[in-house]
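From first to last, the protein sequence lines are chains A and B. Each step along the first sequence adds one to the number in our numbering, with nothing skipped, and position 274 is 274. Each step along the second sequence adds one to the number in our numbering, with nothing skipped, and position 195 is 195.
Please keep in mind that the hints were generated in silico from the structure rather than gathered at the bench. In this text the structure is predicted, and so the values were computed from the model without any measurement. Keep in mind that the hints are not guaranteed to be accurate.
Below, simulated PhoX-like cross-link-like pairs (lysine-lysine); rule was C-alpha separation at most 25 Å, straight line [claimed, not checked]:
| hint | chain 1 | residue 1 | chain 2 | residue 2 |
| --- | --- | --- | --- | --- |
| 1 | B | Lys-561 | B | Lys-503 |
| 2 | B | Lys-561 | A | Lys-21 |
| 3 | B | Lys-189 | B | Lys-263 |
| 4 | B | Lys-561 | A | Lys-64 |
| 5 | A | Lys-114 | A | Lys-6 |
| 6 | B | Lys-263 | A | Lys-21 |
| 7 | B | Lys-86 | A | Lys-64 |
| 8 | A | Lys-64 | A | Lys-32 |
| 9 | A | Lys-316 | A | Lys-334 |
| 10 | A | Lys-174 | A | Lys-131 |
| 11 | A | Lys-303 | A | Lys-353 |
| 12 | A | Lys-21 | A | Lys-64 |
Chain residues, written in single-letter form:
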Amino acid sequence: MSINSKAAPVVFNNVTKVYGKDVVAVDNINLKIEAGKLVTLLGPSGCGKTTTLRMIAGLEMATKGSIFIGDSDVTLLPATDRDVSMVFQSYALFPHMSVMENVAYGLGFSGFDKSETKDRAVQGLDLVGLKGYGDRLPSELSGGQQQRVAVARALVLEPQVLLFDEPLSNLDAKLRRQVREEIREIQQNLGLTVVYVTHDQEEALAVSDEIVVMYNAGIAQIGSPRDLYDAPADRFVADFIGEANIISCEIIAVSGDTATINIAGFIHILPSHGLSVGPAQLAVRPTRLIMNAPSGITVTVQKATYVGSRMEYTLKAEFGTLFSVSENVDEPLKVGQSIVVGLDKIGPVLLPKI
Amino acid sequence: MKPLASLKQPANPVLIFWIAIGLVGFFAVPWYGVEDFFKFEWLIDGYPFDADYAPAAFLLGQAEKLWLAPLILPLLAPFAVLRKRKSDPLYARVLIVAGAIGLGWIILQGFSIGIRGWNFGWLQVFFGDLNDRQYGMGYGGMLVAVAFLFLFTQGIAARGAINGDVFVVSSISGIVVIVTIFVFFPIAKMLTAAFITDGGGYSLSVFASKFFDDRLWGLGCLSGGRCGVAWNSLFLAVLVGLITTTLGLIFALVVTRSGFRYKRALRALTVLPIITPPFVIGLALILLFGLSGAVTTFFSDAFGIQPTRWLYGLPGVLIAQILAFTPIAFLVLIGVVEGVSPSMEEAAQTLRASKWQVFKTVSLPLMRPGLANAFLLGFIESMADFGNPLVLGGNFDVLSTEIFFAIVGAQYDQGKAAVLAMVLLCFTLGAFYAQRFWLGKKSYTTVSGKGDSGMHPHMPRALSIPVLALAMIWAAFTMVVYAMIFYGSVVELWGVNNSLTFKHYITAFSFRFEDSGIRWSGAAWDSFWTTLKIAGIAAPLTAIVGLITAYLLTRQTFAGKNAFEFGTMLSFAIPGTVIGVSYILAFNVPPIEITGTGIILVVSFIFRNMPVGVRAGIASMSQLDKSLDESSLTLGANSWQTFRRIILPLLRPAILAALVYSFVRAMTAISAVIFLVSAEYDMATSYIIGRVENNDYGLAIAYSTTLIFVMLAVVGAMQLVVGKTEIGRRMSQSRTNV
Chain A
1 MSINSKAAPV
11 VFNNVTKVYG
21 KDVVAVDNIN
31 LKIEAGKLVT
41 LLGPSGCGKT
51 TTLRMIAGLE
61 MATKGSIFIG
71 DSDVTLLPAT
81 DRDVSMVFQS
91 YALFPHMSVM
101 ENVAYGLGFS
111 GFDKSETKDR
121 AVQGLDLVGL
131 KGYGDRLPSE
141 LSGGQQQRVA
151 VARALVLEPQ
161 VLLFDEPLSN
171 LDAKLRRQVR
181 EEIREIQQNL
191 GLTVVYVTHD
201 QEEALAVSDE
211 IVVMYNAGIA
221 QIGSPRDLYD
231 APADRFVADF
241 IGEANIISCE
251 IIAVSGDTAT
261 INIAGFIHIL
271 PSHGLSVGPA
281 QLAVRPTRLI
291 MNAPSGITVT
301 VQKATYVGSR
311 MEYTLKAEFG
321 TLFSVSENVD
331 EPLKVGQSIV
341 VGLDKIGPVL
351 LPKI
Chain B
1 MKPLASLKQP
11 ANPVLIFWIA
21 IGLVGFFAVP
31 WYGVEDFFKF
41 EWLIDGYPFD
51 ADYAPAAFLL
61 GQAEKLWLAP
71 LILPLLAPFA
81 VLRKRKSDPL
91 YARVLIVAGA
101 IGLGWIILQG
111 FSIGIRGWNF
121 GWLQVFFGDL
131 NDRQYGMGYG
141 GMLVAVAFLF
151 LFTQGIAARG
161 AINGDVFVVS
171 SISGIVVIVT
181 IFVFFPIAKM
191 LTAAFITDGG
201 GYSLSVFASK
211 FFDDRLWGLG
221 CLSGGRCGVA
231 WNSLFLAVLV
241 GLITTTLGLI
251 FALVVTRSGF
261 RYKRALRALT
271 VLPIITPPFV
281 IGLALILLFG
291 LSGAVTTFFS
301 DAFGIQPTRW
311 LYGLPGVLIA
321 QILAFTPIAF
331 LVLIGVVEGV
341 SPSMEEAAQT
351 LRASKWQVFK
361 TVSLPLMRPG
371 LANAFLLGFI
381 ESMADFGNPL
391 VLGGNFDVLS
401 TEIFFAIVGA
411 QYDQGKAAVL
421 AMVLLCFTLG
431 AFYAQRFWLG
441 KKSYTTVSGK
451 GDSGMHPHMP
461 RALSIPVLAL
471 AMIWAAFTMV
481 VYAMIFYGSV
491 VELWGVNNSL
501 TFKHYITAFS
511 FRFEDSGIRW
521 SGAAWDSFWT
531 TLKIAGIAAP
541 LTAIVGLITA
551 YLLTRQTFAG
561 KNAFEFGTML
571 SFAIPGTVIG
581 VSYILAFNVP
591 PIEITGTGII
601 LVVSFIFRNM
611 PVGVRAGIAS
621 MSQLDKSLDE
631 SSLTLGANSW
641 QTFRRIILPL
651 LRPAILAALV
661 YSFVRAMTAI
671 SAVIFLVSAE
681 YDMATSYIIG
691 RVENNDYGLA
701 IAYSTTLIFV
711 MLAVVGAMQL
721 VVGKTEIGRR
731 MSQSRTNV
């Protein structure tokens, strides 16, 4: 016997959640999470991501719309009756029970007999590398170990969907990287459907198959990490995922899929993203600006900061300031120097003018 | 495995259980009330055919009480849906209809048919003479009513109310029903009693003549005469509220913010009056300052000062109530004073405020809710206090004693008692509202959940010296009072014959060993055992009702939650005297006929002390991270399992505190009890008051002293147990998000 997965997809159809009379936490979202994928809900605080997660768990009930897990409609089913388990931000380990009792807690309600419950709990602890810790109290474990107990407790139920609510926020920076890799590894090995909430974009990029960026109770964009980073759909996503310079520009011609743009006299050609002639905005990652390019925008260096692995520059252009990063730390630019900055072939993305 | 298991189950065990309870109530146990709820003599006394003890089914079989027959149908109806799924609309509809009809019919027949046949003239006109009667309902009626109620709640839960959670729906309905029966119904009954004329009709002028009586509202004292009892009560209560709040604050400050060394002793001293029946302090004051009191005699011997009766009246009652109620204010304020986050005060200090300025601008304003609460408690306790005004009042009449004499005295005027009780209720509810209004909607929560390692700064010197001095004087006075109580219990006859003797203890608590076992021959044993029994039954019930209410208020959201909270807290603002009067008026006649029994005492204690259980439960439950219950729910436990396996174990200290508190309160209470005791169920406190009225001070004081020691033992035992459980309760979950 081993811990398996019964991974199932999750579907939201026009789901709205209203708190009280008029506080709209989630506004008419549609979402399909495929079985066996790790999907991250990412967004600033108050964007509705945690509410969305809690609606999957059944801890909040949708005001409108319907929610499916696997083939069944769970919209009206309370948490107790859903085949979903959740790892809480605070871990929520029961302080009056030992680690083993914590992990076995849910199994007791699932119709397993005593010996099977014990076997499964032992196996769950084994899976997260806590063999032999069963008799301790949660308070006798470190933060990282408590986190693993919480994961084991959720895993042993073999849920159709496993939920994580900001699971790394109580860990220190080094441990975060390690734990998130472990979570990803377990998810991939067992083929679990995982929904993961975070406000840390780097964490989201690192662990996800797919990222759902939420903003103002709605979905701003859904895509793979690379899609979101290289082709943000709007200014909010561009700004929220990584850093981006947002530059006003003018589309002067469109032919097929490519557009010709004018940035303060510099002419550049790039994919049009369906935009037509007229004012627009260009999002450029700091790493996608080429220093000392043959053609581009003329700027003066305003600030130069050495951060060890790279140089960070603030550049003053005619239309505002740009932020750029350069790997060349041995021959840094000097403050006040005037240079020409070009745009990389891939990376810069046209966005509609707001 | 887990999913859908609850939908495929063939028959729901909870449903079977309630159907069975209903059937037992109808077919197996006596329908009407038996003489004594806790005795089972009826089993061998003609049951099941004797009409007094027969179950409803046997009554119908003998063609009696035919109006009970319609109950059979809704009792059997749920069998039709036993094997239906919960999600089937028929399941919900049948249960709701059966429950509502059954419960409705029980209420309807209960109020329509009383001991004189039809209760209302128009029923007689309509249906003709009944030629039959019925008394209050007993086991059977209770079980069947409960079964109908919970069948009904299963129905509405199955329709999806509160996520279809049967436990939560049932708890809410259960508490709403019992609060309605035992708080709102008696109060309403009392209000109507105020309008009843001697002839049995209703009249506004009867109410008006009683309400505007000069004895109630007269202002004669302004011109040298006597004032109305309402003014007396109000004036006394405001004074007591103000002074106890001030003294309580002083004590709290000494304990938390001074370098005073004997804080523990001081703390113990302030707990003493809580376990003391309130009027005992009055007795001790008589021993000190009465006509033949120790201090009075000393002054008249030493300085030739003529002994006077100054103690009997406002001064005596005031001093006694201050002594008795300051500890309550202290217990409220110590929590608030400790709860003010030290980092707030430290922040103010780093912003260049002096110690005095910190206290004035930060600490004191943050204590505002506590001060308001302490005042309200002092005010209500003073309004409701019955023992001290009775012992020390003299010519200074207050509402609570006036109500008592209206009911038990020669005048026997229920209408007058009701009017007086209404005035009393208006005062306390007014204070309750004024307090809410004054606090407004500001949040004063200072506990952030983040580690707060700071220390409370000491009081500024200019404040600490007078505060310490006052605390010392008060402490010394309290010790003298308690010494007097103990000394008074071993003196032959106070002021006349001061030789030491144990005779009072022997009179009260003697026992003999005989062949048949121990024979409790002392005069006090009967009431002592009754008190222990009633308090022992009431305490766990109070704790259960209080904690479930607290759980609903902190952990569940449902429509009408605010009204629910208000309803459950209302009995807190109702003085015991009012409860006593309203219970007599409401439960002396069918359908619920429990005056003179032990049940009415138990019930009155539950609803008198429930708000404290609720508050204690809310306070400790809001310290438990909500994610603990949520994770239990996502792990497949239902809300009842979560309550039992996660919340209850973590609340053990709060449960014990609620248990002991309600036990102690039940043993020391007098204001409601004095109306509800009977020859068979006499409580310790009312027995003692009776002794005092006969001027038998020695026995009264000896009995009181014994009670104090018994309760000390109980509180001590509790503290041992709670101290142990707290060690295993380190919370590792309290870390908060960065």
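Here is how each hint holds up against the structure:
The hinted pair formed by B/Lys-561 and B/Lys-503 fails the criterion: a straight-line CA distance of about 56 Å is larger than 25 Å. This hinted pair checks out: B/Lys-561 and A/Lys-21 have alpha carbons roughly 15 Å apart, not beyond 25 Å. For the suggested pair B/Lys-189 and B/Lys-263, the alpha carbons sit about 48 Å apart, so the restraint of at most 25 Å is broken. Only pairs whose Cα atoms come within 25 Å are accepted, and B/Lys-561 paired with A/Lys-64 is accepted, the gap being roughly 23 Å.
Taking the CA atoms of A/Lys-114 and A/Lys-6, the gap is about 22 Å. The hint holds against a cut of 25 Å. Straight-line distance between C-alpha atoms of B/Lys-263 and A/Lys-21 comes to about 50 Å, which puts the hinted pair past the 25 Å bound. Taking the CA atoms of B/Lys-86 and A/Lys-64, the gap is near 23 Å; set against the 25 Å cutoff, the hint holds. Only pairs whose Cα atoms come within 25 Å are accepted, and A/Lys-64 paired with A/Lys-32 is accepted, the gap being roughly 17 Å.
Between A/Lys-316 and A/Lys-334, the direct Cα distance comes to roughly 13 Å. Compliance with the 25 Å bound is thereby established for this hinted pair. The suggested pairing of A/Lys-174 with A/Lys-131 holds, with an alpha-carbon distance near 23 Å, which does not exceed 25 Å. A C-alpha spacing of about 29 Å is found between A/Lys-303 and A/Lys-353, which places the hinted pair above 25 Å, so the restraint is violated. Taken as a hint, the A/Lys-21 and A/Lys-64 pair is honoured in the structure, with Cα atoms around 14 Å apart against an allowance of 25 Å.
In this structure, the hints that do not hold are numbers 1, 3, 6, 11, in rising order.
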